[in-house]
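**Student:** Chain by chain, the residues run as shown.
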Amino acid sequence: MADSKKVIQILRAIGSKIEEEKDYLTKLDQPIGDSDHGINMARGFGEVEKKLDDLADKDIGTILKTVGMTLVSTVGGASGPLYGSAFLKAGMAAAGKTEMNVQDFLEIMDTAIQAVQQRGKAVLDEKTMLDAMIPSLEAMKAEASEDAKTVLKKGVEAAWKGVEHTKDIIATKGRASYLGERSIGHQDPGATSYSYILEVISQQI
Amino acid sequence: MADSKKVIQILRAIGSKIEEEKDYLTKLDQPIGDSDHGINMARGFGEVEKKLDDLADKDIGTILKTVGMTLVSTVGGASGPLYGSAFLKAGMAAAGKTEMNVQDFLEIMDTAIQAVQQRGKAVLDEKTMLDAMIPSLEAMKAEASEDAKTVLKKGVEAAWKGVEHTKDIIATKGRASYLGERSIGHQDPGATSYSYILEVISQQI
Amino acid sequence: MKKFINETSQVENEMIQGMVKAYPKHLKKLDCGNVVVRATKKEGKVALISGGGSGHEPAHGGFVGTGMLDAAVAGAVFTSPTPDQILEGIKAIATDAGVFMVVKNYTGDVMNFEMAAEMAEMEGISVKHVVTNDDVAVKDSLYTVGRRGVAGTLFVHKIAGALAEKGGSLDEVQAVAQKVVDNVRTMGAAIEPCTVPAAGEPGFTLEEDEMEIGIGIHGEPGTHRDNIKTADETTDILLTQILADIDYSGSEVAVMVNGSGGTPLMELFIINNHVADVLAEKGIKVYRTLVGDYMTSIEMKGFSISILKLDDEMKELLDAPADAPAWKE
Amino acid sequence: MKKFINETSQVENEMIQGMVKAYPKHLKKLDCGNVVVRATKKEGKVALISGGGSGHEPAHGGFVGTGMLDAAVAGAVFTSPTPDQILEGIKAIATDAGVFMVVKNYTGDVMNFEMAAEMAEMEGISVKHVVTNDDVAVKDSLYTVGRRGVAGTLFVHKIAGALAEKGGSLDEVQAVAQKVVDNVRTMGAAIEPCTVPAAGEPGFTLEEDEMEIGIGIHGEPGTHRDNIKTADETTDILLTQILADIDYSGSEVAVMVNGSGGTPLMELFIINNHVADVLAEKGIKVYRTLVGDYMTSIEMKGFSISILKLDDEMKELLDAPADAPAWKE
Ligand SMILES: Nc1ncnc2c1ncn2[C@@H]1O[C@H](COP(=O)(O)OP(=O)(O)O)[C@@H](O)[C@H]1O
Ligand SMILES: Nc1ncnc2c1ncn2[C@@H]1O[C@H](COP(=O)(O)OP(=O)(O)O)[C@@H](O)[C@H]1O
Ligand SMILES: [Mg+2]
Ligand SMILES: [Mg+2]
Ligand SMILES: [Mg+2]
Ligand SMILES: [Mg+2]
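Residue numbers (this note's numbering), protein chains in the order written: chain A, 873 to 1077; chain B, 873 to 1077; chain C, 8 to 336; chain D, 8 to 336.
Since the hints were derived computationally from the structure, they do not count as laboratory data. Watch out, some of these pointers could steer you wrong.
[Claimed, not checked] Derived pair list, reagent style SDA-like, types lysine to any residue, alpha-carbon separation capped at 20 angstroms: (1) Lys-993/B with Ser-148/D; (2) Lys-899/B with Leu-213/D; (3) Lys-9/D with Glu-217/C; (4) Lys-146/C with Pro-903/A; (5) Lys-236/C with Ser-148/D; (6) Lys-236/C with Lys-9/D; (7) Lys-292/C with Gln-24/D; (8) Lys-899/A with Lys-292/C; (9) Lys-899/B with Thr-202/D.
[What the hints assert, rightly or not] The calculated label-pair distances, taken between Cβ atoms and stated as ranges, are: (10) Lys-289/C with Lys-289/D: 51 to 59 angstroms; (11) Glu-130/C with Asp-997/A: 45 to 53 angstroms; (12) Glu-323/D with Glu-323/C: 27 to 35 angstroms; (13) His-231/C with Lys-32/D: 35 to 43 angstroms; (14) Ser-256/D with Lys-49/C: 32 to 40 angstroms; (15) Lys-1033/A with Asp-216/D: 42 to 50 angstroms.
The structure displayed is predicted, hence computed values, not measured ones. We put the CB at the ideal spot given by N, CA and C, even for glycine.
With the sequences and hints as input, model every part of the structure.
**Tutor:** The structure is reproduced here in structure tokens:
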């Protein structure tokens, strides 16, 4: 499905996409947050970008761990430790690998999403990035025997469905939870940024 | 020309006029001052109003002195000591009088305007209230032998001409002087309030 | 966006530099990032560290000094600092007595400080912390992340800082910090929003006759929008919520009328005039009042009222000597 | 007009009451009007009085306290207090050592304080005064009323106040006050106006991309309008004018970066960052820096830079103890 080179290419594409959607993600963070999600993510992936050249000949585990460390140390806010932990743990799961197949990918994603759950102590339906992550992972697992393109296509669909669902529910974690009922009707920025990331992976493989 | 009762009637009418023109006088004070001339004057004459009932049986000197003291202690800013000193000194000039004729009036005005000059150390053409006061006094003196109505009509005309003239000159005294050349084109608030006062006197006698 | 700034990306950095250059006898900046520590390290005492996003000036750098904090970590505007940045701060101030972290209750802050503490513990530094959550505009329930930490946090800095300066142990410092957290409540309101420089646009918008009641210190929405009211009426709304949350009756309190950055002191004093009257009427004795900009939201036009129920220990520590740029006692 | 106020006619009164209620150990209000004096009168020393219009908070009431003022008189917003009000202040603080008035150079202030002094002299109180005129945005010429008194006035309060506290005579206090006046220069800029409550409308208007250079503390126009520039560029414009007016080269200075009320501390620190760099480059040594809201213009978004050229006497007096609500040393 992807080797180290491909992974780096995907990460570069994620960086571009996040930069492209920076204002939109920040805007989503306005009514139910503090108007910085896009800025935070773009700052982090901008730093990641700078490290990619030096990672060209590294294994996928090292690449992902470096991304995780970079995100932890540059994003800040809630999304920093969450995405940071996700990539750090993904890196551990991919340690030593220079190639991954769909099976590997799904295992790595599983580990990453578990890391988000551990760090953030949130579950499904709390109006967080997990509302895109968990359903997309489940959808992909259900199609695990298909080719990578098909698997990812399903995952992206489920992720965006999850994003849509965040509009209907009350936030009970993160900054949006302070709003209680008033958080209804607004889309979660973190779930949105995750869906873009998955979308880029799906386009690149 | 006027007895104590008339003087009190005039002062009441001045109070109403100032209240009526409060916003306009304040607005004039915006481009070349600090947007408070109307507010200052209205505060002062509002306080004067409250004292008029108790002054009904007093001589003109006492009435004008009380007005002066009230203005000094309630107006503040530049116009407070200036108008205050004017009325205080006018009161001294009118001490004991219960009636005044045109001659008395012109002498009292002369004393009042001298008081403004002493307190403010300004002369003609510095873009202050004196630019309405001095020409109006001169115009009235020139017609001194006419009846009160005619005298005052000339005075009011000259006062408003003086107001117009303040637009053409650079302020060299008061807050407007900080503007230098930029004060040109703007009408002096103090000259304007003085002209309203004289206008009211002219209408009431 | 009308601001006296240069590059938006340099706002935090230049702000910290400008602060340290203003108070060289008090403050020093670490080379590694936007971490401010005391110009002279004091050994042997519990070291206090706090911080959060930038944009709350003078918090938190202005409260670094004798009798208060040992370090303040400044993240990007309204964004929690990162664990490695916090770790640098912890390492710079750590003593054998341990390090105490004052963390405001935001998901980001809590996670980043926790990660930093985990990393510090791995390097053999003992770290404890308190999470402040004084904002009664937000419901505290088992099913939410609880109340936000806002201006009441300053009382924790002052009181825990004073105990640390006096030689209190890490456990004692934690205990008194928790006591302050348990006894302080805050609520705010705003009539004009603030603009995060990097965002370039106000974080929210209000109509000409609207105000936000219960606003957060990052411009987060509060309990509701309301027609703009008199200062006394707005103050009453906030005080009612605060006084309903803790039983203050008959006790002595410290009051903080905190400006959000764009509110003139004139208005804060008008607000305090009514706060003092209402508390006097209710038989709540004001032991100390603080009026000014302590925990701001950039240039937001708003304010908050914090009320801390005091006991003798807290009174003594509140009055204890302090010499930080923004708090001298 | 969006403000946290009640009746516009009560703004000054409630503001002063709120200030006195916040600092009962420092301040007391006279019954007769908006005059704030020290809670405990100190006999035997020269008594300092200052004041002006309201709207400059913490000036002037916030600077009443040990080592600074003995009384502050607050007129209506942006309007000089009246002679009888000033006289009440003078009488409340007068001692055998005399009374010293610090007056900002505005026609209204000068005339009202002069009238008050004349009245006090008639009651046998010796009164001397200094007129501050630090604003270099305005030309000082024989044919004008000279420069305006602005934020540099605070240095006069502090330094003359310290000498009075130490027992300096009325002449000595006047001499050191005049020395400060001769050695301090200020200039400001603004990007958003302020609104006098009773007027209900901003005192001036600026386009979205405009700023006023050389703005006065009552929103009076300055030298010119300019396109809004970076903080560094704006700071350069002001510093150039200030440094051209006095020869500061090689000397030690005190710097005040003063906020106009609506400017966040974040921006003041960014400004100070550049002020410090420019002065360092020019070999002017910064002895002390003050950053914050000292002499505001209600909620105006602006700032001023004041630079005071110091000698040993002024340095000692600047550092001397002070305990006023808004200045503790
Ligand atoms: N406890 C949590 N678990 C999972 N995701 C969370 C949690 N808290 C917040 N998030 C995610 O973080 C996003 C906000 O990120 P960001 O705006 O960068 O941080 P902050 O809220 O600190 O400003 C939210 O949209 C949400 O998806
Ligand atoms: N030295 C002076 N002599 C005479 N009139 C003066 C002088 N200085 C100011 N004025 C008058 O005072 C007016 C301003 O009054 P006002 O706005 O009430 O006071 P302030 O300028 O203190 O705000 C000016 O328009 C001018 O006519
Ligand atoms: Mg956010
Ligand atoms: Mg005026
Ligand atoms: Mg944030
Ligand atoms: Mg005025």
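**Student:** Could you run down the list of hints and mark each one as holding or not?
**Tutor:** Evaluation of the provided hints:
1. Annotation: proposed proximity of Lys-993/B to Ser-148/D holds, straight-line Cα distance about 15 angstroms (limit 20 angstroms).
2. In summary, the hint linking Lys-899/B to Leu-213/D is supported, as the alpha carbons are separated by about 16 angstroms, within the 20 angstroms threshold.
3. In summary, the hint linking Lys-9/D to Glu-217/C is supported, as the alpha carbons are separated by about 9 angstroms, within the 20 angstroms threshold.
4. Using a Cα cut-off of 20 angstroms, the hinted pair Lys-146/C and Pro-903/A holds, with the two alpha carbons roughly 18 angstroms apart.
5. With a C-alpha separation of about 48 angstroms, the suggested pairing of Lys-236/C with Ser-148/D is violated against the 20 angstroms cut-off.
6. A C-alpha spacing of about 10 angstroms is found between Lys-236/C and Lys-9/D, which places the hinted pair at or below 20 angstroms, so the restraint holds.
7. For the proposed pair Lys-292/C and Gln-24/D, the alpha carbon gap of about 17 angstroms is at most 20 angstroms, so the pair holds.
8. About 45 angstroms separates the Cα atoms of Lys-899/A and Lys-292/C, which puts this hinted pair outside 20 angstroms; it is violated.
9. At most 20 angstroms may separate the alpha-carbon atoms for a hinted pair to count; Lys-899/B and Thr-202/D meet this at roughly 13 angstroms.
10. Between Lys-289/C and Lys-289/D the beta carbons are some 57 angstroms apart, a value that agrees with the proposed interval 51 to 59 angstroms.
11. In this structure the supplied range 45 to 53 angstroms is violated for Glu-130/C paired with Asp-997/A, their Cβ-Cβ distance being about 38 angstroms.
12. About 33 angstroms separates the C-beta atoms of Glu-323/D and Glu-323/C, a value consistent with the hinted range of 27 to 35 angstroms.
13. At about 38 angstroms, the beta-carbon gap between His-231/C and Lys-32/D stays in the expected band of 35 to 43 angstroms.
14. Between Ser-256/D and Lys-49/C, the C-beta spacing of about 38 angstroms keeps the proposed range 32 to 40 angstroms intact.
15. In this structure, Lys-1033/A and Asp-216/D meet the distance hint of 42 to 50 angstroms, their C-beta atoms being roughly 45 angstroms apart.
Going down the numbered hints, you'll see the structure goes against 5, 8 and 11, while the others check out.
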